[in-house]
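Next come the chains, spelled out residue by residue.
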Amino acid sequence: MVAKGKIVWVSGPAVKADGMSDAKMYETVSVGSLNLIGEVIRLTGDVAFIQVYESTSGLRPGEPVIGTGSPLSVLLGPGIIGQIYDGIQRPLKELSKKSGSFIGRGVTTTPVDMTKKYKFTPTVKVGDDVQAGNILGTVEETQLIKHSILVPPDHHGGKIASIASDGQYDIETEIATTEKAGTKTQLKMYHRWPVRKPRPYKQRFDPTVPLITGQRVIDTFFPIAKGGTGSIPGAFGTGKTVTLHQIAKWADSQVVVYIGCGERGNEMTEVLVEFPHLKDPHTGRPLMERTVLVANTSNMPVAAREASIYTGVTIAEYYRDMGNHVVLVADSTSRWAEALREMSGRLEEMPAEEGYPSYLASRLAEFYERAGRVRALGSPEREGSVTLVGAVSPSGGDFTEPVTTHTIRFIKTFWALDARLAYSRHYPSINWMNSYSGYLSDIAKWWSANISDEWLPLRNEAYSVLQREDTLKEIVRLLGPEALPEEEKLILEVARMIKIGILQQNSFDNVDTYCSPKKQFKLLKLLVNFYRNAQRALKEGATITDIRAMSVISSMLKARMEIPDDQLDKLDQVEALMNEQFKNIVGVKVTT
Amino acid sequence: MTLQGGIEYSKIAEIKGPLVIVDGVERASYDELVEIETTAGEKRLGKVLEVGNGKAVVQVFEGTTGLSISGTKAKFSGKTMTMPVSAEVLGRVFDGLGRPNDGLPEPIASKFLDINGEPMNPEQREYPRDFIQTGVSVIDGMLTLVRGQKLPIFSGSGMSHNILAAQIARQAAVIGSGEEFAVVFAAIGVQFSEAQYFKRSLEESGALKRSVLFLNLADDPAIERIITPRVALTVAEYLAYDLGMHVLVILTDMTNYAEALREISAAREEVPGRKGYPGYLYTDLSTIYERAGRLLGRKGSVTQMPILSMPADDITHPIPDLTGYITEGQIVLGRDLFRKGIYPPVNVLMSLSRIMKDGVGEGRTRGDHMEIANQMYDGYSRAQEVRALSEIVGKAGLTGVDIKYMDVGDAFEKNFLSQGVDENRSLEETLALEWKTASILPKGELNKVKDKFIDQYYKAN
Ligand SMILES: Nc1ncnc2c1ncn2[C@@H]1O[C@H](COP(=O)(O)OP(=O)(O)O)[C@@H](O)[C@H]1O
Ligand SMILES: [Mg+2]
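Protein sequences, first through last, are from chains C and X. If you read the first sequence in my numbering, its first letter stands for residue 138, the second for the next number, and so on. If you read the second sequence in my numbering, its first letter stands for residue 685, the second for the next number, and so on.
Be aware that one or more of the hints could be misleading.
Listed next, the stretches of chain C that the computed footprint assigns to chain X, with coverage defined by at least 3 CB atoms under 8 Å from CB atoms of chain X [claimed, not checked]:
| # | stretch |
| --- | --- |
| 1 | 293-305 |
| 2 | 429-437 |
| 3 | 525-534 |
| 4 | 692-698 |
Which bits of chain C does chain X cover? Going by a derived footprint, with three or more residues having C-beta under 8 Å, they are [claimed, not checked]:
| # | stretch |
| --- | --- |
| 5 | 231-244 |
| 6 | 399-406 |
In the DMTMM-like style, the derived pairs of lysine to aspartate or glutamate whose C-alpha atoms are separated by at most 20 Å in a straight line are [as the list claims (entries may be wrong)]:
| # | chain 1 | residue 1 | chain 2 | residue 2 |
| --- | --- | --- | --- | --- |
| 7 | X | Lys959 | C | Asp646 |
| 8 | X | Lys1134 | C | Asp646 |
| 9 | C | Lys695 | X | Asp1135 |
Since the hints were derived computationally from the structure, they do not count as laboratory data. Built from N, CA and C at the ideal position, the CB exists for glycine as well.
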């Protein structure tokens, strides 16, 4: 029985309907004569409380509400990559064909092109036993993404009774039939999955491999692992969006899901115009061939904003289940939390801190728990991961507000943005004293195996210079730098060089925007060697003035933008020049 | 604007603050326009905020003063509020609800547009890239304004935000006059003299006939302020997308808008967010600011310059805070600079133009534009540190390089930032001033610009 009720009350995105005793919690419903899409979020007697994903302007008591029988779900199959969706997986390109430049209401479209033909290659044969999660065959979704057609995770398994042969099919074609105890099940190239329910997997592992983002302050100082969680809080203008764009562009994952959750329209447009022209540094293909966008901007309906996070993470899990490393960035989780607060307010729930509902923390926990490195269901064996990174926009830039404080409890990498750094145009303005990574020791092995086993000690040495500078800053503020002994003046000098030469990174500079692990390592080593040599030079009688006067310093600081990844031998030349200049100061023996 | 047709009810259950609660309502819809008629026959407009169970909560734009439970009538129009638009609106003055205020008849409408607009499909936006020359060095050089951008001025009481906005409107209009350029000005709860200043400034530059003014003054009804920016933007969108004009919209003062919103929220007894402002203030403001932009396949653009005064000069106050989270940067005026008599008193370090990077550079302005701007930010920020240090240790405790940075700070404020209210500088002049300031430093200090630009533009003083 589908529910058939009538609207009794409307206030913004919230609608109450009576006659809804057949409705289920979280069921999607069609609201009003415009057939707006809504979701049941509370049931009291025969009254359903519905959040509506489209503008309710003009909606009136008495109009019908009809259940659909199923919860809010996404369609999972070939055709998702390269799309831009709204918060409930409606493709914005198709919407514009129907309603023009502005988003109209009551428009129905399918999330992917159901008529497009894909070349399907089966990987099972009649008689094979299959279970949930097994791969039935593959199609080439983009040049980058080989899309595995999966037996849905809630399938009961069985024997393959029929399977399509090599050929071109649209995704509505029944490509396989399974049989179990006499009942046959038809399978297509897609299935649907409810967004609020995490997709199951076989086993979960600790993350051990870094997600290389090409951003030095992240990879070298506060790394995140594939399958890990990270959060980037900051006041407006401190660099949340730019950092997330950088991760979406350069991370070494196979699939990227970018969620614009209650943020600016132009920022989504920027991704749409930029990504097709940018090449994935790992494969050389246009970035759009691995990217999915979910855009529910600030002025789009607030309930769909709440859903957008779930839509995005479900798509991410689906590509994970094929054996991909997927990174999902969400800008901004605070706007999602505000959507939650708005609906909670309309439900007249008892608010906890700052009007947010008491279940804010558990919702955040549930979301970040959907990250992980896993062994997928079914065979063949495959490993995939979902890395989750969320921006947080604390009101007034105050990190003690509820969304920030609760998020911190559920993530392991914390990139604290600092308005003071942003004001002085130190970008990315990630504060190195307040940020941390819980993955450092887990991923150090990767650096040893792939780059150098000196990586961790060098990283720690550089970091200790920054820490010492931080304590010295207090003294400097009171007495001036000249009050310090020479070795401490050196700390200030080297810290300044690390800030300019490594921590700062200009996203809009063609060279600086991406920094390979190898270049990161070489820059790190160059600066630490500078420090070691300078310490020795001081011991042997040189002064800080001699050291500051070294002309190589300027080349060291500009190396990040003047020396591209394919000319790293130039960094060796800079290092040689540095050694030369140290020799000239007091003839010290140099470390290399 | 009198309503034709509609359904009339006369059972008023409650009047509180700006709200009238009408009882026995049968066919009202959410968001629809309502006309309230007082016992004296006076008509006021309002809209439905909530409807159900036979009741409708109506927000009365012109306030509830003088309304009584008995004798008041409410007519429900069956449609949302619209604004009549046509090319004839240019040169006209309207009140805060979009009714003629200049003694002339209502312009003949070629269209009626819903004042709330609809969200632009992000897929249909054209990314803003066209540089608008304002002739103000600090803006053109370091905080470039781009067509379709929303760039607010964050000010404080008594500072020169109106003078700056008017200068920008005048000078940008001059440059753009070859193309179709228009100014839409919305006064939201500001004093008569401030609105008058803008009008005169537009008049003197000859831009008034290309302008549309909406005036809700300090003594006009507060709740009307919810509508003023929306009618203004509806007209701006029409001029931009239907008539292909490049429209600059000035909204002043958005703080008064947010206060009107708070008043309604309080009357509805909603759970407040920070400082009593409703939890949905961010979303609500976005429905105004996100109406800036450009659309694929259409010629015009809507550029917004909202002005807001920061209560107690506090940038973390919810109004500037939530605005900054939505707009594409902010121009922050600094009390210190203002006290020093510097015009425009722009605190560049706290200011930002997010779209500048896309509007400048090779082929748009000049290849070094972004990098020299970055160097100026760096230099001025170092200058501030050194100034603070010299307060403690005196000039004697500073190194030679530190002293150069002090000089950079002084030159920046005196020669680059400061400029006359009618001084219209070319971009060439602005960039030359930047290089002149940067050249106070030794070359080795310029680590934000590539060597090739140093070779080309650096001139040791
Ligand atoms: N890594 C970076 N390189 C260069 N500029 C940056 C960088 N990060 C941030 N910015 C500058 O800061 C501005 C604001 O950054 P953004 O990420 O949009 O901030 P948020 O999302 O925190 O409000 C950008 O428009 C850009 O000018
Ligand atoms: Mg942002």
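For this session: Could you tell me which of the numbered hints above are not met by this structure, giving the numbers in increasing order?
Result: The structure breaks hints 1, 7; every other hint is satisfied.
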